[in-house]
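Asks: Dock chain B against chain A, hints included.
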Amino acid sequence: MNGQVKTSVPWQRHWLGVLLIAVVLLAVPFVAALGGQAWVRIANFAILYIFLALGLNIVVGYAGLLDLGYVAFYAVGAYAYALLASPHFGLHLPFWVILPLGAGIACLFGMLLGAPTLKLRGDYLAIVTLGFGEIIRIFLNNLNAPINVTNGAQGITLIDPIRIGEFSFATTSTLLGIEISGPQKYYFLLVALAILVIIVNVRLQNSRVGRAWQAIREDEVAAKACGINTRNIKLLAFAMGASFGGIAGGVFSAMQGFVSPESFSLMESITILAMVVLGGMGHIPGVILGAVLLTALPEVLRYGIEPLQDALFGRMIIDPESLRMLIFGLAMVLVMRFRPAGLWPSPQRRRELAEHSD
Amino acid sequence: MDTLLQQLINGLTLGAVYALVALGYTMVYGIIGLINFAHGEVVMIGTMVAFTVIVSLAGSGMPPLLILGVGLLVSVLVCMALGWSLERVAYRPLRGAPRLTPLITAIGMSMVLQNVAMIVWGRNYITFPPMIEKHIYTVAGATFTNVQVAIVTLAALVMIGLIYLVHRTRIGMAMRATAQNPQVASLMGVDINRVIAMAFVIGSALGAVAGCMVGSYYEIAHYQMGFMLGLKAFTAAVLGGIGNLAGAMAGGILLGVIEALGAGYIGQLTGDFLGSHYQDIFAFIVLIVVLMFRPSGLFGERTGDRA
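Sequence lines, in order, name chains A and B.
If you count the first sequence from 1, position 338 lands on 338 in the numbering used here, and the numbers rise without skipping.
If you count the second sequence from 1, position 101 lands on 101 in the numbering used here, and the numbers rise without skipping.
Extracted from the complex, chain A is given alone in its bound form:
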């Protein structure tokens, strides 16, 4: 479907678009830095969430498996990195060992959860994944006694940044005469990872596996009758989504230098799911839009609400933090109310919806 649309665009314009996106992507960290490094960090989180949301998109958007515990895999990846590259156990493995290892462990957890539960349907699967996410978080919170594995609620600090030889991602250095800060370096790393996950998503969409997922999403019994090994294919979706979560977790650990169970609450799972659904399930540009909006909106509100209240009333009437989340919640309701298929649904899905409403 998408292919047809794309070929109708002349190739020069196609490349122009790519060039434009590349220039914008290159410029973002330097423009954001004008407003302070905090904005670069926000941009980094936006991209990290794009990565996570696209990982979840494989599970929810393509295979139609409602996963409310996605953050568990993110947590597993983050803690794998944190434990293997921090003074906590005195281990300092390089990132190119830990990131794939973290992805592998997360993948294993995905299969561990998936194998017994994938015969459940819809809402039952949702609640089981949700429970799994909570179990992981509770364990992270409490595994500090009798053997201190996760250091409990305090979390793990002083995690090594990503380092290639002498080139550390945590410090500012000068490359080709341009001064480039730590967060900016992570920005480019994250962009590279995001491009990778986008490529995987695009390639999967129309592959044999991708079509099998879609078939399962639309009608599992029919898919089975067509000779699709539904169990293995569903497990594959789960494992793939989990691996991406694991990688994102590792990068998160390295970037923050600190992890604690607090970062992996159910709210986090829900936010990532909201990005997928709000943007447009199963549609890559939509999911990206959802991730960027849901990361940016709370931050914009954070910086916007205080001055606004100040200007309107001359003092703080309502606690800005709660007002911010309130507006965030309202925005979610309103978007879904007026665009039930998401902000930017795939053309195919939009057609299906139109047919259903007849």
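Quick caveat, the hints were computed from the structure, so don't treat them as lab data.
From a predicted model like this one, the values you see are computed outputs, not experimental measurements.
For each residue, glycine too, the CB sits at the ideal point set by N, CA and C.
Incorrect hints may have been included.
Sample of chain A residues at the chain B side, in silico, Cβ under 7 Å [claimed, not checked]:
| # | residue |
| --- | --- |
| 1 | Leu120 |
| 2 | Ile233 |
| 3 | Ile270 |
| 4 | Met325 |
Here chain B is said to cover these stretches of chain A; the calculated rule only asks that three of the stretch's residues, wherever they fall, bring their Cβ under 8 Å from a Cβ of chain B [as the list claims (entries may be wrong)]:
| # | segment |
| --- | --- |
| 5 | 40-50 |
| 6 | 96-110 |
| 7 | 127-140 |
| 8 | 329-340 |
Simulated DEER-style distance windows between Cβ atoms [what the hints assert, rightly or not]:
| # | chain 1 | residue 1 | chain 2 | residue 2 | range |
| --- | --- | --- | --- | --- | --- |
| 9 | B | Val149 | A | Phe258 | 44 to 50 Å |
| 10 | A | Glu218 | B | Ser186 | 35 to 41 Å |
| 11 | B | Val55 | A | Leu26 | 54 to 60 Å |
Replies: Here is chain B on its own, set in the frame of chain A:
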């Protein structure tokens, strides 16, 4: 032995509360197949409203039981209104939308409710003023209070009332019909919109009662309390087979008892490797195990492609 009896009593109390909240989830799910994620927040608002009423009446010289009754009544009424408006604002416009859409609005609404509660009641724990003088009874080495007795009795009464409502009244019949087949029910002259709204209103009323119970049992309330409570209650509903009233009641009580027993015995079972702060994981482990062997809950009928 006394640990066992003690934990059974505690579990029964907690289970009664879970069961009432679980009924709210299961009624809505049974009729429109939607997880009302904001239900936990409705319970929280119920607790908070009861708290405000009780505190403001505490100095008025009214008898304590009357104050409690008024608090309960006001909180039930507020929650009914809240449940009704929730359905109107967040769910009714989305009927027929993709299945995940109402889930996201539900999450959005629960964020809104949580933050409204935080703005109104503050971000700190609030202490419930004890209205009834506590009596402690001891039976065979286990202790329980009159508050616990009141909670279990009230929960039983409310559940009997609900069963009567669903099985013996016209609106109950309409509800059961809608749950079976909305199209046919509407052809028979059932006003589907009214039935769905009723499910939300009744569920919220039960939630408010549960909220008051939690408040008077633990004597504290917090704007985030609805989240874990809602999660556990939903687990209970799924455990019993979601959409099934008796299942929700049984699931709630079962979950309460399992949790209490688990918290009481986990230290012994694991040689003090895991402590009672793992209490919260029992709900989920039991849930996963039950669903592995009975994918539609303990008492759920095979609904096939419902989800």
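Asks: All hints are to be evaluated individually against the structure, with a verdict given for each.
Replies: Each hint tested on the structure:
1. Leu120: holds (5 Å)
2. Ile233: violated (19 Å)
3. Ile270: Holds: closest Cβ of chain B sits about 5 Å from A:Ile270, inside 7 Å.
4. Met325: holds (5 Å)
5. 40-50: violated (count 0)
6. 96-110: violated (count 0)
7. 127-140: Since 9 is at least three, the answer is holds.
8. 329-340: holds (count 8)
9. B:Val149 to A:Phe258: 44 to 50 Å: holds (48 Å)
10. A:Glu218 to B:Ser186: 35 to 41 Å: violated (27 Å)
11. B:Val55 to A:Leu26: 54 to 60 Å: holds (59 Å)
The structure is inconsistent with the numbered hints 2, 5, 6 and 10, although it conforms to all the rest.
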